[in-house]
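Visitor: Under numbering that gives the first Met the number 0, the residue at position 177 of the sequence shown is numbered 176, and the numbers go up by one with no gaps.
Treat the hints with care, as some may be off.
Stated by the list, open to error - Cβ-Cβ distance ranges computed for the label pairs, FRET-style:
| # | residue 1 | residue 2 | range |
| --- | --- | --- | --- |
| 1 | 265 | 213 | 26 to 34 Å |
| 2 | 175 | 106 | 38 to 46 Å |
| 3 | 203 | 312 | 31 to 39 Å |
| 4 | 25 | 291 | 37 to 45 Å |
| 5 | 291 | 174 | 15 to 23 Å |
| 6 | 291 | 213 | 26 to 34 Å |
| 7 | 251 | 309 | 22 to 30 Å |
| 8 | 106 | 72 | 48 to 56 Å |
| 9 | 105 | 276 | 24 to 32 Å |
Said to hold, decoys possible - Straight-line Cα separation of at most 25 Å, DSS-like style, residue types lysine-lysine; simulated pairs:
| # | residue 1 | residue 2 |
| --- | --- | --- |
| 10 | 216 | 334 |
| 11 | 18 | 3 |
| 12 | 284 | 177 |
| 13 | 320 | 244 |
| 14 | 237 | 206 |
| 15 | 73 | 216 |
| 16 | 248 | 265 |
| 17 | 216 | 10 |
| 18 | 18 | 48 |
| 19 | 216 | 277 |
| 20 | 248 | 213 |
| 21 | 204 | 248 |
| 22 | 334 | 237 |
| 23 | 48 | 103 |
| 24 | 244 | 216 |
| 25 | 18 | 216 |
| 26 | 91 | 26 |
| 27 | 213 | 88 |
| 28 | 277 | 175 |
| 29 | 73 | 91 |
| 30 | 277 | 237 |
| 31 | 1 | 16 |
| 32 | 258 | 277 |
| 33 | 48 | 166 |
| 34 | 258 | 166 |
| 35 | 73 | 106 |
| 36 | 213 | 237 |
| 37 | 25 | 3 |
| 38 | 1 | 25 |
| 39 | 204 | 237 |
| 40 | 244 | 16 |
Since the hints were made in silico from the structure, they are not lab data. We put the beta carbon where it would ideally sit given N, CA and C, even for glycine.
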Amino acid sequence: MKTKILEINSKRIDLAKIKLAAEEIKKGNLVAFPTETVYGLGADALNEKAVAKIFQAKERPFNDPLIAHIADIKELYRLSQQVPPVAIKLAKVFWPGPLTLVLKKSKLVSGIVTAGLDTVAVRMPEDNIALSLIRESETPIAAPSANLFGRTSPTTAQHVTDDLDGKIEIIINGGKTKVGVESTVLDVTVEPVRVLRAGGISVEKLKEVVGQVKISKELKEGFRSPGMLNSHYSPQAKLILVENKEETKIEEVRRLASKYMTQGFKVGIMAKEENQNKYGRFEVKVIGKGTELEVCAANLFTILRSFDKEGFEIIIAEGLKEHGLGLAIMERLRKAAAPK
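Make the full structure from the sequences, and use the hints.
Guide: See the structure below:
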């Protein structure tokens, strides 16, 4: 298969190109497209055979549910048999945007989308290309991140090409994504609502709207949420996350980097901007200032992929504070560092 690249500017939508991509969705084929979070790999969410192609192209296990993307809030009532008032309240504040709501699924939604669960994950993306594609396709679009399973999520069209060229029909190049980490996944079937995956909407912002919010620290629920498997977000290099207190963190990063370099490994350090010059001879890539978590989130996956492209075997990463987007960044780093 030859993958076609469509260049589209999100600020000046080329409807003819969007229609070309939408035709592939209608035919039951796959289209990678930008959202404000990461690039998604889309198929008609109501076509089982099309959805199965997503799992095949990504080499993704079928027990990992997908998110259905919509362009109209009314679609919630088609995809869910039970839309609680809190879901509408949250959607009115955060949609379009990086918030996914988990609701009781309707009979319209196939078990291949939900990994056999009785719930469906739904969101309305903010990116104009994504919204235009969903509208022209005239169907909800199921879309996990557009990368091979277990790899770091793609934030540019080149990242998608690196993983999926020749495996899918179309990649829409809409430039670098804005948020850089996936959406927050929120279970609204329970009270209080529960965060299943940290992401682009912080817990602090959610609390401003609904008051009490519970954070799921463990995977006891099974795979109720996309992105809950520990092998998500992994670079090809071994990633070691250093979560020491600030006063000992730099020393520990240096110690680990020296240890692996002495053993002959190519070692890189992912550090905050303010610590960039504290690592002497070591190769350092800057994720951003520790106070600018939006920048850090946007850079995270791009930096991890750049380490892989340059042949690094070990990445030592500084931990960040877990407030705002820091919670989402740290969740992904911990999963990337988890034993495979």
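Visitor: Now tell me, hint by hint, if it's right for this structure.
Guide: Hint check:
| no. | hint | verdict |
| --- | --- | --- |
| 1 | 265 - 213: 26 to 34 Å | 42 Å, violated |
| 2 | 175 - 106: 38 to 46 Å | 39 Å, holds |
| 3 | 203 - 312: 31 to 39 Å | 37 Å, holds |
| 4 | 25 - 291: 37 to 45 Å | 42 Å, holds |
| 5 | 291 - 174: 15 to 23 Å | 20 Å, holds |
| 6 | 291 - 213: 26 to 34 Å | 28 Å, holds |
| 7 | 251 - 309: 22 to 30 Å | 23 Å, holds |
| 8 | 106 - 72: 48 to 56 Å | 20 Å, violated |
| 9 | 105 - 276: 24 to 32 Å | 56 Å, violated |
| 10 | 216 - 334 | 13 Å, holds |
| 11 | 18 - 3 | 14 Å, holds |
| 12 | 284 - 177 | 20 Å, holds |
| 13 | 320 - 244 | 10 Å, holds |
| 14 | 237 - 206 | 36 Å, violated |
| 15 | 73 - 216 | 32 Å, violated |
| 16 | 248 - 265 | 21 Å, holds |
| 17 | 216 - 10 | 39 Å, violated |
| 18 | 18 - 48 | 21 Å, holds |
| 19 | 216 - 277 | 33 Å, violated |
| 20 | 248 - 213 | 30 Å, violated |
| 21 | 204 - 248 | 29 Å, violated |
| 22 | 334 - 237 | 12 Å, holds |
| 23 | 48 - 103 | 23 Å, holds |
| 24 | 244 - 216 | 21 Å, holds |
| 25 | 18 - 216 | 42 Å, violated |
| 26 | 91 - 26 | 32 Å, violated |
| 27 | 213 - 88 | 17 Å, holds |
| 28 | 277 - 175 | 30 Å, violated |
| 29 | 73 - 91 | 12 Å, holds |
| 30 | 277 - 237 | 22 Å, holds |
| 31 | 1 - 16 | 17 Å, holds |
| 32 | 258 - 277 | 17 Å, holds |
| 33 | 48 - 166 | 15 Å, holds |
| 34 | 258 - 166 | 40 Å, violated |
| 35 | 73 - 106 | 16 Å, holds |
| 36 | 213 - 237 | 32 Å, violated |
| 37 | 25 - 3 | 17 Å, holds |
| 38 | 1 - 25 | 19 Å, holds |
| 39 | 204 - 237 | 33 Å, violated |
| 40 | 244 - 16 | 50 Å, violated |
Of the numbered hints given earlier, the model fails hints 1, 8, 9, 14, 15, 17, 19, 20, 21, 25, 26, 28, 34, 36, 39, 40; all others are met.
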